[in-house]
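**Q** Following the hints, position chain B against chain A.
Just so you know, the sequences run in chain order A and B. So in this note's numbering, the last spot in the first sequence is 131, and the numbers never skip. So in this note's numbering, the last spot in the second sequence is 262, and the numbers never skip.
What the hints contain is simulated information worked out from the structure, not anything from laboratory work. Some clues are possibly wrong.
Simulated crosslink set (SDA-like; lysine to any residue; CA at most 20 angstroms straight-line) [as the list claims (entries may be wrong)]: (1) B/LYS191 / B/ALA150; (2) B/LYS246 / A/ALA108; (3) B/LYS191 / B/ALA243; (4) A/LYS115 / A/CYS59; (5) B/LYS191 / A/GLU111; (6) B/LYS191 / A/CYS59; (7) A/LYS60 / B/SER188; (8) B/LYS246 / A/CYS55; (9) B/LYS191 / B/GLY152; (10) A/LYS60 / A/TRP106; (11) A/LYS60 / B/ALA243; (12) A/LYS60 / B/PRO253; (13) A/LYS60 / B/ARG162; (14) A/LYS115 / B/CYS186; (15) B/LYS191 / A/VAL117; (16) A/LYS60 / A/GLY94; (17) B/LYS246 / A/CYS59; (18) A/LYS115 / A/VAL104; (19) A/LYS115 / B/LYS191; (20) A/LYS60 / B/GLY152; (21) A/LYS60 / A/ALA97; (22) A/LYS115 / B/SER188; (23) B/LYS191 / B/ARG162; (24) B/LYS191 / A/PRO122; (25) A/LYS60 / B/LYS246; (26) A/LYS60 / B/GLU151; (27) B/LYS191 / A/ARG114; (28) B/LYS246 / B/CYS190; (29) A/LYS60 / B/LYS191; (30) A/LYS60 / B/CYS190; (31) A/LYS60 / B/ARG245; (32) A/LYS60 / B/GLN168; (33) B/LYS191 / A/PRO26; (34) B/LYS191 / B/TRP237; (35) B/LYS191 / A/ARG61; (36) B/LYS191 / A/SER57; (37) B/LYS246 / A/SER57; (38) A/LYS60 / B/ASP153.
Computed from a prediction, not measured in an experiment: that's the story for all the values here.
There are 2 protein chains.
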Amino acid sequence: MPDTASEPVVLYVCTTCRAEGDGDGPRAGARLLAAIQAELEAGPAGALRVEPVECLSVCKRPCTVAVAGPGRWTYVYGDLDPGHSARTILDGIGFYAEAPDGIVPWRARPEAFRKGVVARIPPRGEGPAGR
Amino acid sequence: MPDTASEPVVLYVCTTCRAEGDGDGPRAGARLLAAIQAELEAGPAGALRVEPVECLSVCKRPCTVAVAGPGRWTYVYGDLDPGHSARTILDGIGFYAEAPDGIVPWRARPEAFRKGVVARIPPRGEGPAGR
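Chain A extracted, bound-state conformation (with noise of 0.2 angstroms):
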């Protein structure tokens, strides 16, 4: 059975992810990545990690994010605004947290998850939990 306690959950967040407008300064993907960051020192998050990546392969939907945990399914979000979505995308991986699976009620998602919904992908078979 994974250690839920001790191995955090990971927010990914695409850096490549370019909005129109943008210009020569630091893409929407990047801006997000920021704005996660500056949200997480105004506050703790508890056990969550944030990793930027090159490239979720979902280029036709900027913004874009996915979260994983051990023994839950893994989500990918589209279509988030690097300016605005920040507080949700943390709002929403709380839920996400404190959901053993990992699915949280739908009416409890943040409408960003809810319409930005790419995929969800089963936890592998890390024991019991993850089936």
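**A** Okay, now just chain B, sitting in the frame of chain A:
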């Protein structure tokens, strides 16, 4: 480091995917699963486990599969033809299984995987091979 020798690659097949024209019979996703299983009975496919999944949340791009393995990137593919893609999927997964990180060179990927990629997610921290 994950034990990549004994832990198999897993192919998740969405059995809920419905294609245009699906009537009362088995849905497109269920037909794709049956076709994959028939291909596997016809010949061995190494350490591959096939798992039906009720929904991969890629409902707009049926049929859909995902492939995952220890220390490997997870890939999600859509737009797969239930009648003609079973052999292609298994061939593509053969290349995936041979790549330690699951990243197959672009030219070696089946066209259905190049065009149908929905998302990819990095391996979660499972040791050095997973980073």
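**Q** Look at each hint and say if it fits the structure.
**A** Hints, one by one, checked against the model:
1. B/LYS191 / B/ALA150: Roughly 10 angstroms separates the two Cα atoms, so the pair holds.
2. B/LYS246 / A/ALA108: Violated, at roughly 34 angstroms.
3. B/LYS191 / B/ALA243: 16 angstroms, holds
4. A/LYS115 / A/CYS59: 17 angstroms, holds
5. B/LYS191 / A/GLU111: Holds, at roughly 18 angstroms.
6. B/LYS191 / A/CYS59: Holds, because 16 angstroms separates the two Cα atoms, which is no more than 20 angstroms.
7. A/LYS60 / B/SER188: 17 angstroms, holds
8. B/LYS246 / A/CYS55: Satisfied, since the Cα-Cα distance of roughly 16 angstroms is no more than 20 angstroms.
9. B/LYS191 / B/GLY152: This hinted pair holds, its Cα atoms lying about 15 angstroms apart.
10. A/LYS60 / A/TRP106: 25 angstroms, violated
11. A/LYS60 / B/ALA243: Answer holds: A/LYS60 to B/ALA243 is near 18 angstroms, not above 20 angstroms.
12. A/LYS60 / B/PRO253: 19 angstroms, holds
13. A/LYS60 / B/ARG162: 29 angstroms, violated
14. A/LYS115 / B/CYS186: 16 angstroms, holds
15. B/LYS191 / A/VAL117: 11 angstroms, holds
16. A/LYS60 / A/GLY94: 27 angstroms, violated
17. B/LYS246 / A/CYS59: 12 angstroms, holds
18. A/LYS115 / A/VAL104: 14 angstroms, holds
19. A/LYS115 / B/LYS191: OK: A/LYS115 and B/LYS191 at ~13 angstroms, within 20 angstroms.
20. A/LYS60 / B/GLY152: Violated - the C-alpha atoms of B/GLY152 and A/LYS60 are around 27 angstroms apart, more than 20 angstroms.
21. A/LYS60 / A/ALA97: Roughly 28 angstroms between the alpha carbons, so the hint for A/LYS60 and A/ALA97 is violated.
22. A/LYS115 / B/SER188: 11 angstroms, holds
23. B/LYS191 / B/ARG162: Holds. B/LYS191 to B/ARG162 sits at ~17 angstroms (cutoff 20 angstroms).
24. B/LYS191 / A/PRO122: 19 angstroms, holds
25. A/LYS60 / B/LYS246: Within the cut-off at roughly 13 angstroms; holds.
26. A/LYS60 / B/GLU151: Since the Cα atoms of A/LYS60 and B/GLU151 sit roughly 24 angstroms apart, the hinted pair is violated (cutoff 20 angstroms).
27. B/LYS191 / A/ARG114: 14 angstroms, holds
28. B/LYS246 / B/CYS190: 17 angstroms, holds
29. A/LYS60 / B/LYS191: 14 angstroms, holds
30. A/LYS60 / B/CYS190: 16 angstroms, holds
31. A/LYS60 / B/ARG245: 14 angstroms, holds
32. A/LYS60 / B/GLN168: 32 angstroms, violated
33. B/LYS191 / A/PRO26: 31 angstroms, violated
34. B/LYS191 / B/TRP237: 25 angstroms, violated
35. B/LYS191 / A/ARG61: Holds, because 14 angstroms separates the two Cα atoms, which is no more than 20 angstroms.
36. B/LYS191 / A/SER57: With Cα atoms ~17 angstroms apart, B/LYS191 and A/SER57 stay inside 20 angstroms; holds.
37. B/LYS246 / A/SER57: 11 angstroms, holds
38. A/LYS60 / B/ASP153: Between A/LYS60 and B/ASP153 the Cα gap is close to 28 angstroms, so the pair fails against 20 angstroms, i.e. violated.
Violation of the numbered hints given earlier is confined to hints 2, 10, 13, 16, 20, 21, 26, 32, 33, 34, 38; the remaining hints are satisfied by the structure.
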